[in-house]
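Q: Here is what each chain is made of, one letter per residue.
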Amino acid sequence: MDIKRIARDAVLTAVALTIFIVELQIPAPVPIPGVKLGLANIVTLTALFTLGPWDALAVLLCRVLLGAAFAGNMMALLYSLTGGLLAFLAAAPMRKLLTERQIWVASVFSAMAHNIGQVLAAVLVTATPALFVWLPPLLISGVVTGLFTGLAGQFAVRRLGKYLRHTNGK
Amino acid sequence: MAKTGTWIAVIAVILLLSVAASLLLFSRPAAGHTAEIYVDGALYKRVDLSRITSPERIEVKTERGVNILLAEPGRIRVESADCPDKVCVEAGWLASSAAPIVCLPHRVVIKLTGETALDAEAG
Amino acid sequence: MRRTASALLCLALLLALAGCAPQAETSTVFAMDTVMTLTAYGDRACVDDAVSLIQELEARLSVTAADSDIARVNGSGGGDAAPETAALLKRALELCKLTGGALDVTVYPLVRAWGFTTGAYRVPEDAEIAELLTYVDHTAVKLDGQTVSLPAGAMLDLGAVAKGWTGDKIAALWREAGVKSGLINLGGNVQTVGGKPDGSDWVVGIRDPFSEGLLGAVSARDLAVITSGGYQRYFEQDGVRYCHIIDPKTGRPADSGLASVTVVGEEGVLCDGLSTALYVLGPEEAVRLWRENTGFDLVLVTDGGEVILTEGIEGRFTPMGAYTDKEIKVMRRG
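These protein sequences, in sequence, are chains U, B and Z. Read in order, the letters of the first sequence correspond to residues 10 to 179 in our numbering. Read in order, the letters of the second sequence correspond to residues 5 to 127 in our numbering. Read in order, the letters of the third sequence correspond to residues -10 to 323 in our numbering.
Simulated from the structure, these hints should not be mistaken for lab results. Some clues are possibly wrong.
[What the hints assert, rightly or not] Under 10 Å between C-beta atoms, here's a sample of chain B residues computed to sit facing chain U:
1. I18
2. S22
3. A25
4. L28
5. F30
6. Y42
7. D44
8. A46
9. P59
10. V64
11. L108
Every residue, glycine too, gets a C-beta built ideally from N, C-alpha and C.
With the hints as extra help, turn the sequences into a complete structure.
A: The following block contains the structure:
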């Protein structure tokens, strides 16, 4: 395996992990379970739109696993993983549909998918269908936070894209 | 490639629908009069808040951790918990029957029942 | 296209932040010995006007304030009352007649003797009660236009109807001002204006006379819901409980077999006066009076804990708590 690729993805994972850990210190802005900015998604998004789905998935999985280990909360791994994978699955196919100026759209959809995943996981784990009432407010929060991280990611892609792609070595 | 305007419109429609649904679900005034505490989806305890006259603490102990609830006349909240995220504590008083308090790490759900949400009390 | 879409997005975000339900305007007032909460949707001025109205009515109707209309009449055996006071007295006298004196605006000397106006509770001697009873007679009150005259020793007290009347006045004020949705809670005397802002009915709980909880709830739209019960104010002496509702016939706390009476109807003053009178009369007489009249429905709770409804309220009453499993008796007309 290309050593440059490993090094680059490791750096991206480290950046994502740092953002993730820092975000843990920020208290939730609203007392709704699952509402957070999801700043680490900026990195996943950047990787997805510059390097393609496989590198993005690798960065995401490493970040989620290490993040849960560092935060000392392996219980949350389940929610992080389902949410992260759903977010990825929502964003990945949009890679072909969007121009470089529309990357934020993918982020909005992936944030919404993430929140739908969280509600689903919460409903399944607690066996309480009543928790579906959180879906609409979480979707609103998904649009707002997705917009924010998406624009940040789009900015990163435009600024860092050529350097990241350069390390592809193809 | 679709126009950016189309994407904005799609997202705006989703957003409007969510706003409408949220308002519908959460604008209902408070509240049922009975709090039901569920652990793992099973009823753990039922508290008639209209019969509580002085503040009362309820301990919800599971193998995953402990949540201390505080019940007052007509309302209930999670006062403290040893869960990692504390979302249940920050949720504050359980005010609307539409929105239960959830402690996901401990799989604890507190919700209000007793269909009728009271607007006033005669007597 | 893009500009419209952006505008739409901004609008949606704004909505998400602000919400779009009409604003609830609320005020809390301490008046007539209780806490009053007024809520009108969409109009601040209406709530402020209602607060002034309450203060004005209290100043006129209070039996304890030295310069009220009622205190002046009581002090001098008669005189001119303000048009509003006279109108309430007229309606109150009609209700005294309707209830055969179970409601009596002249029962005040006895209420005072038992200490319910001052809090200095005591059980009067039989002789004192017998003497004071000679002053109790609503038919002896003469009202000619705005001029009131009382026999010597008699005293008026409109306390049993004042809150219901106040609720009616506020409701009328709000309806005139175009308020579509309002809730007037005068210390447990509830008057509703329209329904809730979302179009559904207001839900008014009824206190359980035997606990701090509720016995049930009534859905109401443009209706008053008013409860009287011995549990509301009482004192105990030598193991006997004496409640604040005095039977004008015996001069002693009412003991008719009812624990609470809730009257639901469009006219607050009628509901208020009847709730007191029917508490004095007891379950059989209460149902008889309901059969002979219209404009109100009843939720009665007997001393034994039995709940009796009249048919007009059957579909709007939901039992709660311990009453969920109890059998509820529904009385029908004819």
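Q: Look at each hint and say if it fits the structure.
A: We went through each hint and held it up to the structure:
1. I18: 7 Å, holds
2. S22: 4 Å, holds
3. A25: Holds, about 4 Å.
4. L28: Given a least distance of 8 Å, the restraint on B:L28 holds.
5. F30: 7 Å, holds
6. Y42: Since chain U brings a Cβ to about 6 Å from B:Y42, closer than 10 Å, the hint holds.
7. D44: Status holds, d = 7 Å.
8. A46: 8 Å, holds
9. P59: 21 Å, violated
10. V64: Check failed: Cβ of B:V64 comes no nearer than 13 Å to chain U, outside 10 Å.
11. L108: Given a least distance of 6 Å, the restraint on B:L108 holds.
Checked against the numbered hints given earlier, the structure breaks hints 9 and 10 and satisfies all the rest.
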